[in-house]
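Q: Sequence:
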Amino acid sequence: MEVIAIEGKTFGLVKERFESFAKQIKQWCGTDQPNNKWLDNQDVCTLLNISKRTLQYYRNTGKISFSQVNNKCYYKASDVEKLLNDSKISKSGKK
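Residue numbers for the sequence shown follow UniProt numbering, beginning at 1 and rising by one.
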């Protein structure tokens, strides 16, 4: 085994580049984005404390985006959060 000695400054630069590279890979793979989780109807109804019919109304009116696979609807957590933010009422009582 060969041992190679490098200066601390050089090691620091290599370490910085590696950390930058690792961060970029996480962004590309989506592992650095917690709101990319997919939720089903039951999850969304529980989170928002609404009925399945209300959730269907939100889908029909375009209030929430969804994907459908084999007659089952899925929602991105970020879209559910967007729905909450869009429905937020300020102190003055306006949306």
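For the record, the hints were derived by calculation from the structure and aren't laboratory data. By construction, the Cβ of each residue, glycine as well, lies at the ideal position given by its N, Cα and C atoms. The reader is advised that the hints may include incorrect statements.
Just the calculated beta-carbon pair ranges, DEER-fashion [stated by the list, open to error]:
1) Q27 to K82: 30 to 38 Å
2) K82 to T46: 37 to 45 Å
3) E81 to I6: 39 to 47 Å
4) W38 to K15: 31 to 39 Å
Simulated pairs of lysine-lysine, DSSO-like, Cα-Cα distance not exceeding 27 Å [stated by the list, open to error]:
5) K37 to K26
6) K76 to K63
7) K26 to K15
8) K82 to K26
9) K37 to K82
10) K37 to K72
11) K37 to K52
12) K26 to K52
13) K82 to K72
14) K15 to K37
15) K63 to K52
16) K76 to K15
17) K63 to K88
Q: If a hint holds in the structure, say so; if it does not, say that too.
A: Comparing the hints with the structure gives:
no.: 1; hint: Q27 to K82: 30 to 38 Å; verdict: violated, 20 Å
no.: 2; hint: K82 to T46: 37 to 45 Å; verdict: violated, 18 Å
no.: 3; hint: E81 to I6: 39 to 47 Å; verdict: holds, 46 Å
no.: 4; hint: W38 to K15: 31 to 39 Å; verdict: holds, 35 Å
no.: 5; hint: K37 to K26; verdict: holds, 15 Å
no.: 6; hint: K76 to K63; verdict: holds, 13 Å
no.: 7; hint: K26 to K15; verdict: holds, 17 Å
no.: 8; hint: K82 to K26; verdict: holds, 23 Å
no.: 9; hint: K37 to K82; verdict: holds, 14 Å
no.: 10; hint: K37 to K72; verdict: holds, 16 Å
no.: 11; hint: K37 to K52; verdict: holds, 20 Å
no.: 12; hint: K26 to K52; verdict: violated, 35 Å
no.: 13; hint: K82 to K72; verdict: holds, 21 Å
no.: 14; hint: K15 to K37; verdict: violated, 31 Å
no.: 15; hint: K63 to K52; verdict: holds, 14 Å
no.: 16; hint: K76 to K15; verdict: violated, 35 Å
no.: 17; hint: K63 to K88; verdict: holds, 13 Å
Taken one by one, the earlier hints fail for this structure at numbers 1, 2, 12, 14 and 16, listed in ascending order.
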